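With chain A's structure known, arrange chain B on it following the hints.
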Amino acid sequence: MRQPLPPAEEAERADGAPAPAVAAPRRRPLLRAVLGLLLPAALLVLWHVLSTAGVFSAVQLPAPLAVLEAGIGLLAGGDLWTHVGISTQRVLIGFVVGAGLGLVAGSFIGLSRWGSTLVGPTIGAFRAVPSLAWVPLLLLWIGLGEDSKVTLVAIGAFFPVYTTVSAALQHVDRNLIEAARAFGLHGLRLLTTVQLPAVMPSVISGLRLALAQAWLFLVAAELLGASMGLGWLLTDSQNNGRTDRLLLAIVLLAVLGKISDALLGVFEKWAVKKWA
Amino acid sequence: MSTSQLSPAPPTAPDTSKRAFAVAFEHVGKAFPAGRETHHVLQDVDVTARPGEVLAILGPSGCGKSTLLRAAAGLDTASAGRVLIDGTPVAGIDPRCAVAFQEPRLLPWRSVRENVRLGLPRGLPRPEGDAAIDDLLRLVGLTAHADHRPRAISGGMAQRASLARALARNPGVLLLDEPFGALDALTRLQMQDLLLTIHAAQPTTVLLVTHDVDEALQLADRIVVLGRTGPTAPASISTVLAVPGERPRDRASEVLAELRVQLLGHLGVDAHHPATR
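Residue numbers (our numbering), protein chains in the order written: chain A, 1 to 276; chain B, 1 to 277.
Hint data in this document are derived by calculation from the structure and do not stem from the laboratory. This structure is a prediction, so every number in the text was calculated from the model and none was measured. Just to be clear, a hint being listed does not mean it is correct.
To be verified - A few chain B residues facing chain A, derived, Cβ under 7 Å:
(1) Arg105
(2) Gly181
(3) Leu183
(4) Leu186
As the list claims (entries may be wrong) - Computed Cβ-Cβ distance ranges for the label pairs, DEER-style:
(5) B:Leu124 - A:Trp81: 52 to 62 Å
(6) B:Val240 - A:Leu101: 35 to 45 Å
(7) A:Val266 - B:Ala144: 52 to 62 Å
(8) B:Leu84 - A:Ala167: 40 to 50 Å
(9) A:Lys274 - B:Gly265: 17 to 27 Å
(10) B:Gly268 - A:Leu101: 54 to 64 Å
(11) B:Ala31 - A:Pro121: 50 to 60 Å
Unchecked claim - A few chain B residues that don't get close to chain A, going by computed Cβ distances all over 10 Å:
(12) Glu26
(13) His27
(14) Ala98
(15) Gly119
(16) Arg169
No residue lacks a Cβ here, since even glycine has one placed at the ideal position from N, Cα and C.
Looking at chain A on its own, in the form it has when it is part of the complex:
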C-alpha cells in the first residue's frame, strides 16, 4: 500500500528549496540592487549638469547639493524629523484603519449576496468621488486637526483593499468551501480558515495599492490644511520660493514611499510562501 514518490523536483520546491535554474540578476540580490540604482544615479548626474551649466536658474532648479544642504539645514533645526515623523505617522495610522475597514467591508460584501446587493452600489459611488473633493468637507466636519488628515488617508487606503478582497472572495474554489462546510465550518471560522487564506495574494496586492494611495491622499490632505508634514513643506516652500526644500520634500516622499512598499514586499514574500 505504498504510492510511488512524487518527482523529486516537485518535492523539493514544496520544501522551499531553490529551484535550479534562475535568471542571473535574481540569483544575486546585490547585483540587482546596484543595477536598479543605475538610472537614479544617471538622473542625479543629469540634474546636476542641468542646474550647474546654467540651463535653469537656481530658483527654477537648484543643484542636488543645494537640496542636500537644505535638508541638512532642516535637520539641524530639528524640523525635518518633525515633518517626516508626522507624515509617516498619518500614513501608518490611516493605512491600518482604512485597510482594516476595507478588509472587513470587502469580506462582508464579497460573501453576502444581500450585502453586495444593498450596500455594494453605494460604496461604488463613494469610490468614484475624487480624493480632493473630500478635503473641504472633512475640514468642515472634523476640523484642522490630525483626525481629518488621518481620515482622508484611511479613505484612500480603504478602497483598493475593499475592491480586491470583495472581488476575489467571489471566486474562491466552490469545492473547497463545500468541503469545509461539510466538516462543520461556517461563518467567521470558514472565512478565516478557507476564504481569506485562499484570497491572500489578492489581499496583499490590494494592501500594496492601498499603501500607495495612502501616501497620495496624505499629500492631498497636507497640501490643503496642515501646519507640518511633507505636504505642508511643499506649499510652504512654494510660497517662500524655496525650490530646494520643495525638491527635498519630493525626494523624501519618493524614498519613504519606496521604503514602506519594500517592507510590505517582504511581508508579501513571507505570506505567499505560507499561503500559496
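Chain B in isolation, oriented as in the chain A frame:
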C-alpha cells in the same frame, strides 16, 4: 479512535469510536427548476442502510447518485421525502456524517497533517487531536508525508489524506462520493483494499457512490442500482442486490462474475456474456 489493531488506544480517551448509524432514505425525490418546467432527477428512493453496512449506490452518470449522498450529508435538501440518520431527520450539515469527495479538496496552503486536523470534532483537546491524527495518518500510510503540502504528493496520497480527514470526524456515517473515480486503475484497487482496512478498524456505516461495478462488488454488502425508465424520466431504485462472501473478496470469483453480468444488464450495458445473448 479505533485504530487499536495498529496502535494501543490512549487509555483516557472515551471510546466513542464504535459509532455506526442507520441511514434511511424515505421516498426521497429531487427536482431542479429548468426554465419554466421542473426537471425531476430522483423520485421515490426508499432504502435503508443498516448500521455498519457498506452500501454501494451504483448508477450511470447524472442519475442523481451524488444528490442522494449530499442529501444525507445535509449539503443539499431533498425536494420530496426525507433522510433519517439513527432515526432523526437530517437538517443542515450533519455532524454525524463525514464526506470524502471525488477530488481530494485539501487546503493547498496546509500540510497533510493540518488538513486532517480540519476533520476533527470541535472542542477536542489538542493532545487527543494530535494522537488521533497520528493514528489516522498511520492507518492510511501517510506518516512519512505528514508535513508535505498537498501539491507535493500524488493523487492517490491526496485521496488518502481526504479519507483520513473524513475519519477524523469520527463519523457514524461515512459518505464517499466516487472517492476513487479520478485515480488510475492500479491505485484504485489499492485504495479499495485500504477502504476495507479502514472499515475493519472503524466499522462505521459507509455509503459509497460509484459507477464502477467491480468496485461495488468488491466493497459493498449490498448494492443499490439507480436507473430510469426513459430518457427524461427521473431515476429511481431499479434493484437492490446483496453481495455474498467475506471481504476481501476474490476478484476472480465466478459468483461475482455472475453478479457483474446482472448489474451491467440493469445499467443497460451489454456484458457480451453467452447466457445473456
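Here is how each hint holds up against the structure:
no.: 1; hint: Arg105; in the structure: holds (4 Å)
no.: 2; hint: Gly181; in the structure: violated (14 Å)
no.: 3; hint: Leu183; in the structure: violated (10 Å)
no.: 4; hint: Leu186; in the structure: violated (10 Å)
no.: 5; hint: B:Leu124 - A:Trp81: 52 to 62 Å; in the structure: holds (54 Å)
no.: 6; hint: B:Val240 - A:Leu101: 35 to 45 Å; in the structure: violated (58 Å)
no.: 7; hint: A:Val266 - B:Ala144: 52 to 62 Å; in the structure: violated (33 Å)
no.: 8; hint: B:Leu84 - A:Ala167: 40 to 50 Å; in the structure: holds (42 Å)
no.: 9; hint: A:Lys274 - B:Gly265: 17 to 27 Å; in the structure: violated (54 Å)
no.: 10; hint: B:Gly268 - A:Leu101: 54 to 64 Å; in the structure: holds (59 Å)
no.: 11; hint: B:Ala31 - A:Pro121: 50 to 60 Å; in the structure: violated (34 Å)
no.: 12; hint: Glu26; in the structure: holds (22 Å)
no.: 13; hint: His27; in the structure: holds (25 Å)
no.: 14; hint: Ala98; in the structure: violated (7 Å)
no.: 15; hint: Gly119; in the structure: violated (6 Å)
no.: 16; hint: Arg169; in the structure: violated (7 Å)
Comparing the model with each numbered hint stated earlier shows that hints 2, 3, 4, 6, 7, 9, 11, 14, 15 and 16 do not hold.
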